[in-house]
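A.B. asks: Numbering (my numbering), first residue to last: 2 to 67.
One or more hints might be untrue.
[Stated by the list, open to error] Calculated pairs, DSS-like style, for lysine-lysine (alpha carbon to alpha carbon, straight line, at most 25 Å): (1) K44 x K64; (2) K64 x K29; (3) K8 x K64; (4) K44 x K29; (5) K8 x K44; (6) K29 x K8.
[Stated by the list, open to error] Computed Cβ-Cβ distance ranges for the label pairs, DEER-style: (7) N4 x N57: 27 to 37 Å; (8) T63 x D40: 11 to 21 Å; (9) G58 x L2: 32 to 42 Å; (10) F5 x N66: 16 to 26 Å; (11) N57 x L2: 30 to 40 Å.
Everything labelled a hint here was simulated from the structure, so no lab data went into it.
Cβ coordinates follow ideal geometry from the N, Cα and C atoms, glycine included.
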Amino acid sequence: LLNFSEKERELLEYLDLHGGITLSGFSKLAHISRFAAEDAIVKLLEMNVITLNYHNGSCLITKSNK
Numbered sequence: 002l003l004n005f006s007e008k009e010r011e012l013l014e015y016l017d018l019h020g021g022i023t024l025s026g027f028s029k030l031a032h033i034s035r036f037a038a039e040d041a042i043v044k045l046l047e048m049n050v051i052t053l054n055y056h057n058g059s060c061l062i063t064k065s066n067k
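Work the whole structure out from these sequences, hints included.
C.D. replies: Shown next, in the form of structure tokens:
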């Protein structure tokens, strides 16, 4: 069973509704520093919950298909 922090759950709920978000967008959404946002993203990447998609020079965070 996976355990997520409040900010991680907030990100996953946002992704369910909107499909994707940038790192800076997540930082603003969750009212956390860029460093804290990066830590949350790395944790979720390691758990294969999210993926990073590069498009037109931007990195978009999306939910993994797994």
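A.B. asks: All hints, please: hold or fail.
C.D. replies: Hints, verified against the model:
The suggested pairing of K44 with K64 holds, with an alpha-carbon distance near 13 Å, which does not exceed 25 Å. Note on K64 and K29: the hinted pairing holds, with a Cα-Cα distance of about 19 Å set against a maximum of 25 Å. Between the alpha carbons of K8 and K64 the distance comes to roughly 15 Å, so the proposed pair stays at or under 25 Å and holds. The straight-line distance between the Cα atoms of K44 and K29 is roughly 18 Å, inside the 25 Å bound, and the hint therefore holds.
Distance check on the hinted pair: K8 and K44 sit about 12 Å apart at the alpha-carbon level, within 25 Å; holds. Among the hinted pairs, K29 with K8 is consistent with the structure: their alpha-carbon atoms are about 11 Å apart, no more than 25 Å. One distance hint, 27 to 37 Å for the beta-carbon pair N4 and N57, holds here, with the actual separation near 35 Å. In this structure the supplied range 11 to 21 Å holds for T63 paired with D40, their Cβ-Cβ distance being about 19 Å.
Against the hinted window of 32 to 42 Å, the Cβ-Cβ separation of G58 and L2 comes to about 37 Å, which satisfies the hint. Distance hint check for F5 and N66: the Cβ-Cβ separation is about 18 Å, which falls inside the suggested range of 16 to 26 Å. Checked against the hint of 30 to 40 Å, the C-beta distance between N57 and L2 comes to roughly 37 Å, which is consistent with it.
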